[in-house]
Amino acid sequence: MNWLTNFIRPKIRSFVSDQKEIPDALWQKCPACDGMLFHRELTENLGVCHHCGHHLRISVADRLSILFGESPFQDISVPPAPADPLRFRDKKKYSDRLSEARAKTGRDDAIRVALGRIGDQNAVVAAFDFDFMGGSMGAGVGEGIVKAAETAVRERAALICIPSSGGARMQEGILSLMQMPRSVVAVRMVKEAGLPYLVLLTDPTTGGVSASFAMVGDIHIAEPGATIGFAGKRVIEETIREQLPPNFQTAEYLLAHGMVDMVVPRASQNETIGRILNLLMERQTGKNGTTGRSNGRKSPPRDNGGKVAVGPLARAAGNVARLPALRGKTPLPLPAAANQTAATRRRRSGKD
Amino acid sequence: MSFLEFEKPVQELEAKIAELRKVSSTGDVNVAAEISRMQTKADRLLKQIYTKLSPAQKVLVARHPERPHFQDYIQAIVTDFTPLAGDRRFGEDAALIGGIGRIAGRACVVMGQEKGSDTEMRLRHNFGMARPEGYRKALRLMELADRFQIPVVTLVDTAGAYPGVGAEERGQSEAIAACIETCLNVSVPILSVVIGEGGSGGAIAIATADRVYMLEHSIYSVISPEGCASILWRSGAYAAEAAAALRLTAQDLKKLGVIDDIIEEPLGGAHRASLEAVERVQAQIEKGFAETCPWDPRTIRHSRREKYLKIGRAA
Numbered sequence: 001m002n003w004l005t006n007f008i009r010p011k012i013r014s015f016v017s018d019q020k021e022i023p024d025a026l027w028q029k030c031p032a033c034d035g036m037l038f039h040r041e042l043t044e045n046l047g048v049c050h051h052c053g054h055h056l057r058i059s060v061a062d063r064l065s066i067l068f069g070e071s072p073f074q075d076i077s078v079p080p081a082p083a084d085p086l087r088f089r090d091k092k093k094y095s096d097r098l099s100e101a102r103a104k105t106g107r108d109d110a111i112r113v114a115l116g117r118i119g120d121q122n123a124v125v126a127a128f129d130f131d132f133m134g135g136s137m138g139a140g141v142g143e144g145i146v147k148a149a150e151t152a153v154r155e156r157a158a159l160i161c162i163p164s165s166g167g168a169r170m171q172e173g174i175l176s177l178m179q180m181p182r183s184v185v186a187v188r189m190v191k192e193a194g195l196p197y198l199v200l201l202t203d204p205t206t207g208g209v210s211a212s213f214a215m216v217g218d219i220h221i222a223e224p225g226a227t228i229g230f231a232g233k234r235v236i237e238e239t240i241r242e243q244l245p246p247n248f249q250t251a252e253y254l255l256a257h258g259m260v261d262m263v264v265p266r267a268s269q270n271e272t273i274g275r276i277l278n279l280l281m282e283r284q285t286g287k288n289g290t291t292g293r294s295n296g297r298k299s300p301p302r303d304n305g306g307k308v309a310v311g312p313l314a315r316a317a318g319n320v321a322r323l324p325a326l327r328g329k330t331p332l333p334l335p336a337a338a339n340q341t342a343a344t345r346r347r348r349s350g351k352d
Numbered sequence: 001m002s003f004l005e006f007e008k009p010v011q012e013l014e015a016k017i018a019e020l021r022k023v024s025s026t027g028d029v030n031v032a033a034e035i036s037r038m039q040t041k042a043d044r045l046l047k048q049i050y051t052k053l054s055p056a057q058k059v060l061v062a063r064h065p066e067r068p069h070f071q072d073y074i075q076a077i078v079t080d081f082t083p084l085a086g087d088r089r090f091g092e093d094a095a096l097i098g099g100i101g102r103i104a105g106r107a108c109v110v111m112g113q114e115k116g117s118d119t120e121m122r123l124r125h126n127f128g129m130a131r132p133e134g135y136r137k138a139l140r141l142m143e144l145a146d147r148f149q150i151p152v153v154t155l156v157d158t159a160g161a162y163p164g165v166g167a168e169e170r171g172q173s174e175a176i177a178a179c180i181e182t183c184l185n186v187s188v189p190i191l192s193v194v195i196g197e198g199g200s201g202g203a204i205a206i207a208t209a210d211r212v213y214m215l216e217h218s219i220y221s222v223i224s225p226e227g228c229a230s231i232l233w234r235s236g237a238y239a240a241e242a243a244a245a246l247r248l249t250a251q252d253l254k255k256l257g258v259i260d261d262i263i264e265e266p267l268g269g270a271h272r273a274s275l276e277a278v279e280r281v282q283a284q285i286e287k288g289f290a291e292t293c294p295w296d297p298r299t300i301r302h303s304r305r306e307k308y309l310k311i312g313r314a315a
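From first to last, the protein sequence lines are chains D and A. First residue of the first sequence? That's 1 in this note's numbering, and the numbers climb one at a time after it. First residue of the second sequence? That's 1 in this note's numbering, and the numbers climb one at a time after it.
One or more of the hints may lead you astray.
Anything over 10 angstroms on all C-beta distances counts as not near chain A; from chain D, calculated [as the list claims (entries may be wrong)]:
#1 Q28
#2 M36
#3 L42
#4 H50
#5 H55
#6 R57
#7 A61
#8 R107
#9 D261
#10 N270
#11 T272
Derived DEER-like restraints, expressed as beta-carbon distance ranges [to be verified]:
#12 D296/A - E282/D: 29 to 37 angstroms
#13 E242/D - R89/A: 19 to 27 angstroms
#14 A103/D - T119/A: 46 to 54 angstroms
#15 E276/A - P80/D: 43 to 51 angstroms
#16 E276/A - G258/D: 44 to 52 angstroms
Derived by calculation from the structure, the hints in this document are not laboratory data. All of these numbers come straight from a predicted model, not from anything done at the bench. Idealized CB from N, CA, C, for every residue including glycine.
I would like the entire structure built from these sequences, with the hints used as guidance.
Shown next as structure tokens:
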């Protein structure tokens, strides 16, 4: 560092980039250990405190770029759900809360669905946006899960749901409760198509979300320290009038009680999920880019619409982009490196 | 009979009638006429009150301690009832009772939450708030019904699944989720009646059904009005407002297309004529049987799934 980099570079940078590189808050406190975290360092560390390893909540954009690793992905649009079916009003109108959340997050509802590749497999990710009304599940979110499941079945892809949600959205009343069976029907379609359904439980996964699609996965992966449970801690304390155990309802507690398969830090999630998908989907893909049939095995039990999944060899030849859904659409996604830069940039700018 | 706050005028009339009855033991004709006049008035008053109950009042009626509970239904409408216990994993949960028996002569699996009708029973049944064992037993019984191809009838009456340390430890979420999944998997008809309180996840766990009915003054909601008020209004004092905003009455749910039918209650609510209410529920279940039986296993499951897939989809 010298005067040149200190004083000149930012100016030059402003010529080549229209992005503001300086976030509003350069420093923040780790909510777990109170350690000071420098913004850029935190971003480079995937939103994990380098003092204590606490996993801070991250944006959906960051979530997707971490989960898909270096590989490109495309957004799957989710059809809109009926807005404010009950004309709900508490201190504020639900419709106003919705508009605010939409303005804040730039998305229609608390879920984002994307198709890409993890490991050597097609994967659809349905990620909750906690910034959108606490990631609560109403009809719009239900629609997102249904869309994600349908896409997974069509593309012969694994489905990975990533809840970050306080539960059902009260403002949609009984219709939000009905999203519990609805989301379970959706993930059932994926399971019955012989495709893996994984859940990555992040902070928080509670209430109606934990008691529906989030707990019926083939494999449950939890993020370290995430709060996962059915009833709220305060409700339980008021009911039993006792202090709760210190690590109550944490990812680690659920692991100890047999509710999740593993607790995986953010940095290893892409690799771990990729490995699991490769193992579970071996029969679908076949080894060395062949289909199960030419491997002398029976083809998957269910009709796959005549589509042949892309095997590792084909990908090695640079065909990363042959995701069926991308066919006939605009050019191939960015090469891995460029995409990574884009992802990093997005991450830095804190936008989605 | 315990009276609710808004039933005060009726209570006063009834008290007067009782008094007159006491003094008229001699058989005075004039007094008898007076009693009958007052009784008509009381009935009219009751009808007036009950035809325009507010959502918050309905919450009170739905939770009325003398309202018929699961056991009352079993005694009155299920023959050959054979209760079955345990989840084969951890324990037995008396909050959610189930077994096999006959309704209108048809063999079926019957289950539901029992709130209990006196202090001892309430404690024994944990106020109708089931733990994971209860839901895992429900799941087991549904699979039993599926294996032997007999319908499932569920009677829903719970404030919700029990919020406790043990329940969380043993996977309350997973138990409810798995129960919902089983409801969606079985290839026999499932009929569900909300007889009192349909409390959120604890209710939907056994109410994911082909036909869902509600008693006229029962409620069914994603959260209790008290809970909703304390979160959104930041004070439990707004429970009445929350009850209205949540649209939790049978009439609202019918309009929203979430339930199939409303079962009319006797004058002044099910707690005033328990047996009559129970019989009306039986009649509705018979109607449900007539609509769904006999069934094609694959079709019934498929249509149940389609039904839930559509809830909340833009038309």
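Hints versus structure:
| no. | hint | in the structure |
| --- | --- | --- |
| 1 | Q28 | holds, 27 angstroms |
| 2 | M36 | holds, 32 angstroms |
| 3 | L42 | holds, 31 angstroms |
| 4 | H50 | holds, 31 angstroms |
| 5 | H55 | holds, 20 angstroms |
| 6 | R57 | holds, 20 angstroms |
| 7 | A61 | holds, 26 angstroms |
| 8 | R107 | holds, 17 angstroms |
| 9 | D261 | holds, 12 angstroms |
| 10 | N270 | holds, 26 angstroms |
| 11 | T272 | holds, 21 angstroms |
| 12 | D296/A - E282/D: 29 to 37 angstroms | holds, 36 angstroms |
| 13 | E242/D - R89/A: 19 to 27 angstroms | holds, 25 angstroms |
| 14 | A103/D - T119/A: 46 to 54 angstroms | holds, 52 angstroms |
| 15 | E276/A - P80/D: 43 to 51 angstroms | holds, 46 angstroms |
| 16 | E276/A - G258/D: 44 to 52 angstroms | holds, 47 angstroms |
Consistency with the previously given hints is maintained throughout, with no hint failing.
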